[in-house]
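There are 4 protein chains.
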Amino acid sequence: MTFAKPFLSDNAAAVHPKMWEAMRGADAPDNPYDGDAFSGELDARFTALFGRECAALWVATGTAANCLALATMCAPHGGVVCHREAHIEVDEGGAPGFYLHGAKLMLAEGEGAKFTPADIAAVIDPIRNDVHQVQPHAIAITQASEYGRAYTPGELTALAAFAKERRLGLHMDGARFANAAAFLGGSPEETARAASGSVDSLAFGFIKNGGMGAEAVVLFDPEAAHQVRYRRKRAGHLQCKGRYLAAQILAMLDDGLWLANAAQANAAAQEVAAGCGDRLLHPVEANELFVRLSETERAALRAQDFAFYDWGPDSARFVTAWNTRADDAQGLGRAIAAL
Amino acid sequence: MTFAKPFLSDNAAAVHPKMWEAMRGADAPDNPYDGDAFSGELDARFTALFGRECAALWVATGTAANCLALATMCAPHGGVVCHREAHIEVDEGGAPGFYLHGAKLMLAEGEGAKFTPADIAAVIDPIRNDVHQVQPHAIAITQASEYGRAYTPGELTALAAFAKERRLGLHMDGARFANAAAFLGGSPEETARAASGSVDSLAFGFIKNGGMGAEAVVLFDPEAAHQVRYRRKRAGHLQCKGRYLAAQILAMLDDGLWLANAAQANAAAQEVAAGCGDRLLHPVEANELFVRLSETERAALRAQDFAFYDWGPDSARFVTAWNTRADDAQGLGRAIAAL
Amino acid sequence: MTFAKPFLSDNAAAVHPKMWEAMRGADAPDNPYDGDAFSGELDARFTALFGRECAALWVATGTAANCLALATMCAPHGGVVCHREAHIEVDEGGAPGFYLHGAKLMLAEGEGAKFTPADIAAVIDPIRNDVHQVQPHAIAITQASEYGRAYTPGELTALAAFAKERRLGLHMDGARFANAAAFLGGSPEETARAASGSVDSLAFGFIKNGGMGAEAVVLFDPEAAHQVRYRRKRAGHLQCKGRYLAAQILAMLDDGLWLANAAQANAAAQEVAAGCGDRLLHPVEANELFVRLSETERAALRAQDFAFYDWGPDSARFVTAWNTRADDAQGLGRAIAAL
Amino acid sequence: MTFAKPFLSDNAAAVHPKMWEAMRGADAPDNPYDGDAFSGELDARFTALFGRECAALWVATGTAANCLALATMCAPHGGVVCHREAHIEVDEGGAPGFYLHGAKLMLAEGEGAKFTPADIAAVIDPIRNDVHQVQPHAIAITQASEYGRAYTPGELTALAAFAKERRLGLHMDGARFANAAAFLGGSPEETARAASGSVDSLAFGFIKNGGMGAEAVVLFDPEAAHQVRYRRKRAGHLQCKGRYLAAQILAMLDDGLWLANAAQANAAAQEVAAGCGDRLLHPVEANELFVRLSETERAALRAQDFAFYDWGPDSARFVTAWNTRADDAQGLGRAIAAL
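Protein chains in written order, with this note's numbering: chain A, 1 to 339; chain B, 1 to 339; chain C, 1 to 339; chain D, 1 to 339.
In case anyone wonders, no lab produced these hints; they're calculated from the structure. Hints are supplied without guarantee of correctness; some may be wrong.
Identical copies go unnamed one by one, so any copy, or any two together, can satisfy a pair.
[Said to hold, decoys possible] Here are the simulated SDA-like pairs of lysine to any residue, each with C-alpha atoms no more than 25 Å apart in a straight line:
1. Lys164 x Asn129
2. Lys164 x His226
3. Lys164 x Glu223
4. Lys18 x Arg317
5. Lys164 x Leu107
6. Lys18 x Asp43
7. Lys18 x Pro29
8. Lys18 x Ala28
9. Lys18 x Ala326
Owing to the predicted nature of the structure, the values given are computational and were not obtained by experimental measurement.
Using the sequences and the hints given, assemble the complete structure.
Structural data, given as C-alpha cells:
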C-alpha cells in the first residue's frame, strides 16, 4: 500500500513536532504513574479551558476513554443509548460490554450519525418500566459524529436538558472533538465550551489530531473522577511513565495547538469538498468526506496515488489530518471533479 | 521530592536514546493499529529469540500484558495460583478480577516471592474437586520475582512439568524478565530461553528497562494469540499508532539492547549490594535491593540525596535502572556501609 | 385483576398434581445439591429421550438455563445471533450480558420470530473479520418461537448445517419446547428428537407446562456439561434440595406427561383459534394466539372475565396452559367470533 | 449412604409440613414473577419483624441472596472483607467474583469464624490508599458463623459502628440466622432485631430450617432494594411462580415458625453436645458441632448408623435440623460419650 497521498485516516498520521518536543522535555526523572508534575497540571488546565471544575486523566486510546467514562454512569444492569453507527457499537470490539460488565447498548437512529431527544425517546419510551427489560442509564453522543457532523450548541443544550429530565448520564465521544470545535469556531475556550455543552464527561481526542498516544478523559463530576482513577488502574491503563502522555496533552493545550491542528485538517477537507459537488453524502463539517464514487472511479483515484477506504459498494471515505498537504487536498478535489 | 540520586524505581527512569531514535524512525505514514510494518515483524523476531513459534503483541502496561495472557488460560469460574506477594495480587488494582471476569487468585507462599511445585500443591491439593470450590486453571510466576530473585532453568523445568501434569496453564510475569535473564547469563537467545523455560505465555517487560510505553505479550499457543488479539482491542489496548510501540520493542531486540540495559542495572545493584553486608534481606540477583535500615539510617541516606521507598518499618527498597550512574550506585553502597 | 378465565400466560398456571406427588415423594432424607438419587437419573433419562448422549441439569428458570448454555459456546468477546424479538434480547433483563460477561447479542430478522440461515447470514456476513468488530460465536433459536411458531425438522437441519459450516454453536431456547413438539407430533422420543434437531444445547422448559420451579439445561457436549456444573454453582443456581426439582422433571418425563400437557394446551389454543378467523396475526401452532382486536373489542372481552395481555395498540395475546378449561377456551373462541 | 440417623447437614432435611400446606395454598391462579399476592406481603412482614423499613425479596439460594446484596455495596473495583473461612470465600464456587464483577474478597482472621473490628482493621489498615491496591467497600459477616457461633448484640453494635466510621457496607450471611437468633433468645421480633443488629442487608435463610427452596434477601436501604430487583432478574433468579416461594416464607414468619424450628435444631445440638465433653472444638451455640474424633472413633459411630462429614483428619462435623429426632440426638451424644 502506498502512503504517498494518504486520506485513509487521521488515526495513523505522523506525530506533530511539538509532541516530540514535549515528550523529550519530560525525560527528566519524575514520579511514576500520574504522580509526575505534568500529570499534576491536567485538572487545572482543563478546568480553565472548559470554565467549569473537572478532572482530566490521560489514557492511551479513545476506546478506554469512552468506556471508563460510561462505566461511571451506567450500572451493569443498565443501558447506554447510542447511535446505531456509533463507534462504541460498531468498531470497538465490544469494549463497552467489557468495561460496563454486560450493560446494553441501545441503538438510536438519526441523520448523519447524530441524534436528537426525539430520536432517543423513540428508543427508550417503548421500554416497559419493569425488571424484565433493561432500563436506560446514559446517553453517548459523538462529536464530531461518525459522519463528520458537528452538534451545535443548541442541539447540545436540548440533549442535556433531555438527559437531565430523564435522569440519564450524558457522555461525549470526542475522538474528533477538536474538529467539531474548529468547525463551530471561536477561541479555544469559547469553542471548547460550545462544542461540549453540558456533558457529564468527554473523551477528548488528541491522537487523531497529531498526538502520539494520549487522549484525555474529562470528568465534570468529582465522584466519577474518583471512580475512574481506580478503574483506569484496574483496566491496565495507568502507564508507568505517564509524564510522556501528560506532556503531549499539555503541549496540545498550549496556545490552542489542538484547535489549530484541527482547523488545518478541516481546511484540507474543504479543499477536497470543493471538488465533490453533489457526490457528497454528508455535509463536510469536520475532516471526513463521504463521497459517492463507483468502483471504476475509485480505481482511477487510486491510480493517481490517493489512498482511502471504500465505504460500501458505491462510495469512499476520505479523511484529512493536521498534516495533510494542501497540494494533496487540492489535487484530490481536482481529481474527483475531473472524474 | 528530589530526584538527584534516584533509587525509587526503574519504572520511571528516562527513556533510552535508542527508543527515541526508533520512535522517530516510525514517523512515516503507515497503517493504523497493528497493521504497520513494525508491528508486522514482531512475531518473527520473538520466534527467533525464543527458538519456538510464538506471537508477540504490544501493549502499554504490564498489567494489561499479564491479564490478557491469563485470561486465555483461566475461565471466569477458575483460579490462578500466584504468590501471596505477586504484583497481580497486591499492586494491580484488581485487574485480574476485571480481565478474568471474577476468577480467583489463589495465594501460595514461597521464599523470596518465588514458589515451587510443592508450594503450589500446598494450595491446590486441599481444594475439593467439586463445584463448591473454585478449581485452579493456571499458575502465574514472576521472573524476576517481587524480591528480585530469578527462577533458574531447573526450577522452571520443574514448574512446567508440574503445570503440565496438573493441566494448568503457566504464565510468566516478566516485568523484569530482562534483569532475571541478565543474571542467568549468556547470549540474548540463550538467556531468553533459559529464563523463560517452557511457559505458555510471557509478559516481556521493556518499560522498566528503558522503554517509554511498550511491553510485549508473548504467546506460545496460537489459539491464545488469536484470542488475545480480540481481547486486546476489547480492553481498549489496541492503540492507533501502534508503530511507535512496535518500534521501541524492535529496537530493544536489536543487538540485545534489552539484555545490555538490564545487565547495567544489575551491575549497579551489585555496586550497592557491596556495601550492604548482612543488612540484605534477599540475595541480590536482579536490580532490586531490600535492605534492613532503621528510620534514622534511612533519614541519614535521604539527607545525602538518595531517593528510595521505605519497605515496612525497618527496611528500604532500592531499585537500579539502565541509567543508574556508577557514581550514585557506588556512593549509595558506601553510604550504607558507613552507617 | 380477575383470574376467572385466565389467558394471561402459562407461566403462572397452577402446578400439575403429578408434580405435587413427585415432590412429596422426594421428601425422604437424601444428599444435598444434585447428589440425590433423583438428580442422578437425569442424564440417563434425557439420553434415552433424545437418543444421543447428553447431560441434563435442573435450574429454577429458563433465563438461567439459556444463559448457562450460551456461556459455554460464546466467549466474552464474541456474539450470539438471535431474533430481534427473542426473549433473551427483549425480556430477560440483560441476563445474557451478565452470564456471558458482556458478549453481544446480534439481532436477526425473520418471520414469526423464527429465522433461517439466510436471515443469520444477513447479520453476520457484513461483519468485518477483524478485531474491531465483535465476531459471532453462536446462534440461539426459540422453539416454539416468541410468536408460537414451531421450527420444522427440515428447518432445524438447515440451521444446524449452517452453524456447523460457520463454526457457530447452536442453542435452543425451549421455554415452550413441549408445545412445539406436540405440534410436530409423534411419540415422546420421536417428537423430542424432531423438535430439537441437532442443537448443541437445549433449555427444556417445564414450568410453563405444569411444573413448579424446574427447567432442564440439556447439553449434548460433555465439555459444556462439565463447565455448566461449575457455572451453575457460581451463579447461585445449585439449590440445596435439588431432589425436589429433579423429581418434578422425572415425573414430567414419566409416560410423556410433558407432551400430554402440551398437547392439551395446544388443543385449547386451537379451540380459541377456531373463533379468530382472519384476526390471527400468526398461524397458531403452539399455545399462543396473537389476535387483531381493537381497544373496544378487548374491553368487551374483559367484561366477559377473559384475562389477557394487550399486544401493541391493536391486538392481544392469549396463552393457553395445560389446565385451561375447554369451556373457557371455547367460550373465548365464541366471544371473539361474536365481536 | 444410609440416612438412618442423619447429621450430615440441615441443608437437605425434609420440608416442614407447614411449607407443603403453604405451597398448596398458593396454587390458585395469580400473577407471575413477584406480582402475586404472597410476594406482595413480604416487605410489610419483614418490616414488622425487624422494626425498621426494609424490602424483602425471595431467591432460591443463599449464594444468590448473599451476592445480590453484596453487589449493592461493593463496586467491581472494590473489596469485601470476610472471614477466611466464610462460606462466600470457601464454598460458593466463586459466586461473589461473578456477581460483583471481579471484586476482591479480603480475608480476615477471627475466633470461631467470627471477627471483630480489630480483626478487620488488621486486614484493611495496611492497604495503601492508592489506586494500585483494591480498597475495601463492604464487610460480610455470618450469623451464625461457619463454626456455629452467634454474634451477640454488643458485637454487632461494634461492627456496625466500625463499618459506619470506615464508610463500609455491612452485610450478614444468615444461612443459619434463625439458629443464631434462637440461641440469643426472646420473641421473634426481639430476637430478629437482636441477632441482626444494624446491618445494611441480611440473607435470611429458611431452607436449612425446613423450607424447600426460598431464602429472603432483606435490604434496609431502599436504593439497594431497587437495584436488587433488577439484578435478581438479570441473574435468572426471578422465578415465574414466585408465589410458591413467597408462601413458604410467609408461613415461616407465621407464629414464629422460623424461630421454633431453629430452637428445635439447637436443642438437638445440645443433646449431642452433652456427650462430647472436651472433644468440642467450638462452643455449641447454634446447630453445628465440631468434635475431635479419631478415624477409628468416626468409624465406630458410622457403624452405629450415624451419618456425618469428616472435618479434617481428626474431627467431624455434626449438624442437627428442625426434624432431628430426640432419640437420634441423645443416641449420638451417648455414643460419643461411650467412645
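Against the structure, the hints come out as follows:
1. Lys164 x Asn129: For Lys164 and Asn129, the Cα distance is within 25 Å only inside one copy (18 Å; across copies 33 Å).
2. Lys164 x His226: Answer is both: 22 Å inside a copy and 20 Å across each meet the 25 Å cutoff.
3. Lys164 x Glu223: Both: 17 Å inside a copy, 19 Å across copies.
4. Lys18 x Arg317: Close neither inside one copy (29 Å) nor across copies (37 Å); limit 25 Å.
5. Lys164 x Leu107: For Lys164 and Leu107, the Cα distance is within 25 Å only inside one copy (20 Å; across copies 30 Å).
6. Lys18 x Asp43: within (21 Å within a copy, 33 Å between copies)
7. Lys18 x Pro29: both (20 Å within a copy, 18 Å between copies)
8. Lys18 x Ala28: both (17 Å within a copy, 16 Å between copies)
9. Lys18 x Ala326: within (20 Å within a copy, 34 Å between copies)
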